[in-house]
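Asks: Those sequence lines, one after another, are chains Z, F and R.
Each residue of the first sequence is one higher than the one before, counting from 1 in this note's numbering.
Each residue of the second sequence is one higher than the one before, counting from 1 in this note's numbering.
Each residue of the third sequence is one higher than the one before, counting from 1 in this note's numbering.
If you are wondering where the hints come from, they were derived from the structure by calculation, not from laboratory data.
Just to be clear, a hint being listed does not mean it is correct.
Claimed, not checked - Short, incomplete list of chain R residues facing chain Z, as computed with Cβ under 8 Å:
| no. | residue |
| --- | --- |
| 1 | Asp-80 |
| 2 | Asp-178 |
| 3 | Leu-181 |
| 4 | Ser-208 |
| 5 | Val-210 |
What the hints assert, rightly or not - Below, a list of computed lysine-lysine pairs in the DSS-like style, where the Cα atoms sit at most 30 Å apart:
| no. | chain 1 | residue 1 | chain 2 | residue 2 |
| --- | --- | --- | --- | --- |
| 6 | F | Lys-104 | Z | Lys-119 |
| 7 | Z | Lys-146 | Z | Lys-45 |
| 8 | Z | Lys-51 | R | Lys-109 |
| 9 | Z | Lys-119 | F | Lys-146 |
| 10 | F | Lys-146 | Z | Lys-184 |
| 11 | Z | Lys-73 | Z | Lys-125 |
| 12 | F | Lys-146 | R | Lys-73 |
| 13 | F | Lys-180 | R | Lys-103 |
| 14 | F | Lys-180 | R | Lys-212 |
| 15 | R | Lys-103 | Z | Lys-104 |
| 16 | R | Lys-119 | Z | Lys-73 |
| 17 | R | Lys-180 | F | Lys-109 |
| 18 | R | Lys-104 | F | Lys-103 |
| 19 | Z | Lys-184 | F | Lys-212 |
| 20 | Z | Lys-104 | F | Lys-146 |
| 21 | F | Lys-184 | R | Lys-184 |
| 22 | F | Lys-104 | R | Lys-104 |
| 23 | Z | Lys-73 | R | Lys-109 |
| 24 | F | Lys-212 | R | Lys-109 |
| 25 | F | Lys-103 | R | Lys-180 |
| 26 | Z | Lys-180 | F | Lys-212 |
| 27 | F | Lys-180 | Z | Lys-104 |
| 28 | R | Lys-73 | F | Lys-184 |
| 29 | F | Lys-212 | Z | Lys-103 |
| 30 | F | Lys-104 | Z | Lys-109 |
| 31 | Z | Lys-104 | F | Lys-212 |
| 32 | Z | Lys-184 | R | Lys-51 |
| 33 | Z | Lys-103 | R | Lys-212 |
| 34 | F | Lys-103 | R | Lys-184 |
| 35 | F | Lys-119 | R | Lys-73 |
| 36 | Z | Lys-180 | R | Lys-212 |
| 37 | R | Lys-51 | F | Lys-119 |
All C-beta atoms, glycine included, are put in the ideal place defined by N, C-alpha and C.
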Amino acid sequence: MLSGILKFFLPKDKIFYTLFENASANLESLAEKLVLVVHESDFNKRGEIIKQMEELEHQNDVLTHTIFVELGKNFITPFDREDIHSLATALDDIADYIYASAKKINFYKINPDDQGVQKMAVVIKDAVLAVNSAVIELRNLKNTQKIIDCVVRINSAENQGDDIFDLSIDRLFEHESDIKLLIKKRELYQSLEIVTDKCEDAGNVIESIVVKYA
Amino acid sequence: MLSGILKFFLPKDKIFYTLFENASANLESLAEKLVLVVHESDFNKRGEIIKQMEELEHQNDVLTHTIFVELGKNFITPFDREDIHSLATALDDIADYIYASAKKINFYKINPDDQGVQKMAVVIKDAVLAVNSAVIELRNLKNTQKIIDCVVRINSAENQGDDIFDLSIDRLFEHESDIKLLIKKRELYQSLEIVTDKCEDAGNVIESIVVKYA
Amino acid sequence: MLSGILKFFLPKDKIFYTLFENASANLESLAEKLVLVVHESDFNKRGEIIKQMEELEHQNDVLTHTIFVELGKNFITPFDREDIHSLATALDDIADYIYASAKKINFYKINPDDQGVQKMAVVIKDAVLAVNSAVIELRNLKNTQKIIDCVVRINSAENQGDDIFDLSIDRLFEHESDIKLLIKKRELYQSLEIVTDKCEDAGNVIESIVVKYA
Numbered sequence: 001m002l003s004g005i006l007k008f009f010l011p012k013d014k015i016f017y018t019l020f021e022n023a024s025a026n027l028e029s030l031a032e033k034l035v036l037v038v039h040e041s042d043f044n045k046r047g048e049i050i051k052q053m054e055e056l057e058h059q060n061d062v063l064t065h066t067i068f069v070e071l072g073k074n075f076i077t078p079f080d081r082e083d084i085h086s087l088a089t090a091l092d093d094i095a096d097y098i099y100a101s102a103k104k105i106n107f108y109k110i111n112p113d114d115q116g117v118q119k120m121a122v123v124i125k126d127a128v129l130a131v132n133s134a135v136i137e138l139r140n141l142k143n144t145q146k147i148i149d150c151v152v153r154i155n156s157a158e159n160q161g162d163d164i165f166d167l168s169i170d171r172l173f174e175h176e177s178d179i180k181l182l183i184k185k186r187e188l189y190q191s192l193e194i195v196t197d198k199c200e201d202a203g204n205v206i207e208s209i210v211v212k213y214a
Numbered sequence: 001m002l003s004g005i006l007k008f009f010l011p012k013d014k015i016f017y018t019l020f021e022n023a024s025a026n027l028e029s030l031a032e033k034l035v036l037v038v039h040e041s042d043f044n045k046r047g048e049i050i051k052q053m054e055e056l057e058h059q060n061d062v063l064t065h066t067i068f069v070e071l072g073k074n075f076i077t078p079f080d081r082e083d084i085h086s087l088a089t090a091l092d093d094i095a096d097y098i099y100a101s102a103k104k105i106n107f108y109k110i111n112p113d114d115q116g117v118q119k120m121a122v123v124i125k126d127a128v129l130a131v132n133s134a135v136i137e138l139r140n141l142k143n144t145q146k147i148i149d150c151v152v153r154i155n156s157a158e159n160q161g162d163d164i165f166d167l168s169i170d171r172l173f174e175h176e177s178d179i180k181l182l183i184k185k186r187e188l189y190q191s192l193e194i195v196t197d198k199c200e201d202a203g204n205v206i207e208s209i210v211v212k213y214a
Numbered sequence: 001m002l003s004g005i006l007k008f009f010l011p012k013d014k015i016f017y018t019l020f021e022n023a024s025a026n027l028e029s030l031a032e033k034l035v036l037v038v039h040e041s042d043f044n045k046r047g048e049i050i051k052q053m054e055e056l057e058h059q060n061d062v063l064t065h066t067i068f069v070e071l072g073k074n075f076i077t078p079f080d081r082e083d084i085h086s087l088a089t090a091l092d093d094i095a096d097y098i099y100a101s102a103k104k105i106n107f108y109k110i111n112p113d114d115q116g117v118q119k120m121a122v123v124i125k126d127a128v129l130a131v132n133s134a135v136i137e138l139r140n141l142k143n144t145q146k147i148i149d150c151v152v153r154i155n156s157a158e159n160q161g162d163d164i165f166d167l168s169i170d171r172l173f174e175h176e177s178d179i180k181l182l183i184k185k186r187e188l189y190q191s192l193e194i195v196t197d198k199c200e201d202a203g204n205v206i207e208s209i210v211v212k213y214a
C-alpha cells in the first residue's frame with residue numbers, strides 16, 4: 001500500500017470518469033433493449049436481443065473490474081474511495097438485474113404482454129437515463145442543480161416502480177390461478193423492482209458526492 | 001479528500017453519537033409499533049399505525065443519509081470509518097425490514113393473529129431495545145460490560161428468532177393448504193427473520209468497536 | 001485511529017495469511033461434508049454430518065470475527081483493507097450458504113437423491129478446492145500463474161453451477177406437481193447456487209490482489 005504514496009504527484013484520477021461514463025452508457029443500451037424485449041412477442045427474436053444484452057452485461061463486468069483495479073492502484077481519487085466503490089457496485093448491480101430480468105422472460109417462457117412488466121421496463125429506462133445524465137455531470141461537478149434534478153428523477157422512478165410492483169403482485173395473487181406461473185411472474189417482478197432500487201442506490205452515492213465536493 | 005486534512009484540528013466527531021442515538025431511538029418506536037400492528041385485528045387501525053411507521057422509517061433514511069454525508073466531511077471519526085458505515089447501514093436495514101414487515105401484513109391482508117408472527121415481533125422488540133442500549137453506551141465506552149451484555153441479548157434474540165422462524169415455516173408447509181397464503185406468510189416470516197439478522201449485524205459492529213477502543 | 005500510526009514499525013500483518021488459510025481449509029471440510037450429506041439416504045446419519053457442519057460453520061464465524069478485529073488493530077496490512085474485508089466476507093458467506101443448504105435438506109425432508117442437488121454439491125467442492133489453493137498461494141504471491149489458474153477454475157465451476165441450476169429449475173417447474181415440494185426444492189437450489197456465486201466473489205477479490213501486488 002505504501003507504494004501508492006509514490007504516485008502522490010502523479011494523479012491519474014481522470015480514468016474513473018471515463019470508466020463510469022462507459023458503464024452508465026452501457027446501462028442505457030441495456031435498458032433500451034429491455035424495453036424491446038418486453039414488447040417483442042416472438043420468442044426467438046427476444047432471444048437474439050437477450051444475447052446482445054448478455055454481451056453488454058459482460059462489458060459492464062469488465063468495466064467494474066477495471067474500476068476496482070484502478071482503485072487499488074491509485075492513491076489519489078477524484079472522490080472518496082468508498083463512493084467510487086459504491087457507485088461502481090451500484091452500476092454493476094443495475095446491469096446484472098436488467099439482464100437477469102430479460103433472461104427470466106425467455107427462461108420461464110413468460111408472455112411479456114403484461115402491463116406490469118411493460119410499465120416497469122419503461123420506468124427502468126427513465127431511471128437509467130437519469131443515472132447516465134448524472135454520471136456525465138460528475139466530471140466537472142459545476143452543474144450541481146442538474147445532478148440534483150437527475151437524482152430527483154431517479155427517486156421518482158423508484159417510487160413509480162414500487163407502485164407498479166405492488167399493483168402487479170396484488171393482481172397476481174388475486175387473479176392468477178396457475179401457481180407455477182404465479183411463482184415465475186413474482187420472481188420476474190421482484191427482479192425488475194430491484195433494478196429501480198439499484199438505480200436509487202446509484203443516485204444516493206452521486207448525491208453524497210455532490211454534497212461533499214460541489 | 002485533501003481538504004479533509006484541514007479539518008484535522010477541528011474534529012466535530014461528536015455528531016456521530018447523536019445521529020446514531022437518534023436512529024436507534026427511532027428503531028425502538030418502530031419495534032413498539034410493530035408489536036401493536038401484529039396484535040391489532042382492525043385493518044384500518046393497523047393501517048394508521050403503519051402510516052406512522054412509514055414516517056419513522058423515512059426519518060431513519062434521513063439520519064442514515066446525514067451520517068454518510070458527515071462521514072465524507074470529517075477526516076477524524078470517533079471509530080473506524082468502516083465501522084461507522086457498517087453500523088449506519090445495519091440500523092437503516094433494521095428500520096427498512098421492520099417497516100416492510102408491517103406493510104406486508106396489510107398489503108397481503110394476513111391475519112396477524114398468528115403465534116409465529118406475534119412471537120417474532122416481541123423478539124424483534126427485545127433485540128432492538130438491546131441495540132438501542134448498546135448504541136447509547138458507545139458515547140463514553142466506559143461501561144464495556146454493559147455493552148457486551150447488550151450484544152449477548154441481541155444474539156440470544158436472533159437465536160430465538162431463528163427457532164420461531166423454523167417452527168413457523170415447518171407448521172406452514174405442514175398445515176397450510178392455501179398455497180397463495182403459504183407464499184405470502186412465508187414472505188412475511190422471512191422479512192421478520194431478516195430484522196433479527198440485521199440486529200445481529202449491528203451487534204457485531206458494536207462489539208468490534210468495543211474490542212478496538214475500550 | 002491515530003494510535004494505529006504508532007504500530008507503523010511493528011507490522012504483525014502475517015496473522016491475516018494464517019486466518020485466511022484456516023478459514024479456507026475449513027471451507028474444504030464443509031464442502032466435503034456437503035457431498036456426503038447429499039449422498040446419504042439415512043435421515044439420522046445426515047443429521048450427524050450436518051451437526052459437524054454447524055461446528056465448522058461456527059469456527060468460520062469466529063475466524064471472520066478475528067479477521068475484522070485484527071483489521072481494526074493493524075495499521076499496516078498485507079493487502080488493501082477493502083480486499084481483506086471483502087475476502088473475509090466472501091469466505092464467511094461461502095461457509096454460511098454451504099451449511100444453510102445442508103440444513104435445508106433435513107429441515108424440509110428433501111430426498112437428496114436428486115441429480116441437480118448432487119451435481120451442484122460436486123461443483124461446489126471443485127470451486128472451494130480452488131478457493132483454498134488460491135488462498136494458500138496468497139502468502140508469497142510468487143506463483144501468480146497458479147493463482148490465476150485457480151480463479152479460472154472457480155469461474156468455470158460457477159458457470160457449471162448456473163447451468164445445473166437452470167436445468168434443475170426448468171425440470172422442477174416442468175415435472176413437479178407438488179407445489180409445496182417445488183417451493184422447498186427451489187429454495188435449496190437457490191441456496192446451493194449462491195455458494196458458487198460467493199466462491200466467484202472470493203475469486204474476484206483474490207484476482208484483484210494479484211493484479212495489484214504481484
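Asks: Now tell me if each hint is right for this structure.
Replies: Each hint tested on the structure:
| no. | hint | verdict |
| --- | --- | --- |
| 1 | Asp-80 | holds (6 Å) |
| 2 | Asp-178 | violated (11 Å) |
| 3 | Leu-181 | violated (12 Å) |
| 4 | Ser-208 | holds (5 Å) |
| 5 | Val-210 | violated (10 Å) |
| 6 | Lys-104(F) x Lys-119(Z) | holds (23 Å) |
| 7 | Lys-146(Z) x Lys-45(Z) | violated (38 Å) |
| 8 | Lys-51(Z) x Lys-109(R) | violated (39 Å) |
| 9 | Lys-119(Z) x Lys-146(F) | violated (52 Å) |
| 10 | Lys-146(F) x Lys-184(Z) | violated (48 Å) |
| 11 | Lys-73(Z) x Lys-125(Z) | violated (34 Å) |
| 12 | Lys-146(F) x Lys-73(R) | holds (22 Å) |
| 13 | Lys-180(F) x Lys-103(R) | holds (25 Å) |
| 14 | Lys-180(F) x Lys-212(R) | violated (51 Å) |
| 15 | Lys-103(R) x Lys-104(Z) | holds (28 Å) |
| 16 | Lys-119(R) x Lys-73(Z) | violated (40 Å) |
| 17 | Lys-180(R) x Lys-109(F) | holds (21 Å) |
| 18 | Lys-104(R) x Lys-103(F) | holds (28 Å) |
| 19 | Lys-184(Z) x Lys-212(F) | violated (47 Å) |
| 20 | Lys-104(Z) x Lys-146(F) | violated (50 Å) |
| 21 | Lys-184(F) x Lys-184(R) | holds (15 Å) |
| 22 | Lys-104(F) x Lys-104(R) | holds (25 Å) |
| 23 | Lys-73(Z) x Lys-109(R) | violated (50 Å) |
| 24 | Lys-212(F) x Lys-109(R) | violated (44 Å) |
| 25 | Lys-103(F) x Lys-180(R) | holds (25 Å) |
| 26 | Lys-180(Z) x Lys-212(F) | violated (51 Å) |
| 27 | Lys-180(F) x Lys-104(Z) | holds (21 Å) |
| 28 | Lys-73(R) x Lys-184(F) | violated (45 Å) |
| 29 | Lys-212(F) x Lys-103(Z) | violated (46 Å) |
| 30 | Lys-104(F) x Lys-109(Z) | holds (29 Å) |
| 31 | Lys-104(Z) x Lys-212(F) | violated (46 Å) |
| 32 | Lys-184(Z) x Lys-51(R) | violated (34 Å) |
| 33 | Lys-103(Z) x Lys-212(R) | violated (34 Å) |
| 34 | Lys-103(F) x Lys-184(R) | holds (25 Å) |
| 35 | Lys-119(F) x Lys-73(R) | violated (39 Å) |
| 36 | Lys-180(Z) x Lys-212(R) | violated (48 Å) |
| 37 | Lys-51(R) x Lys-119(F) | holds (27 Å) |
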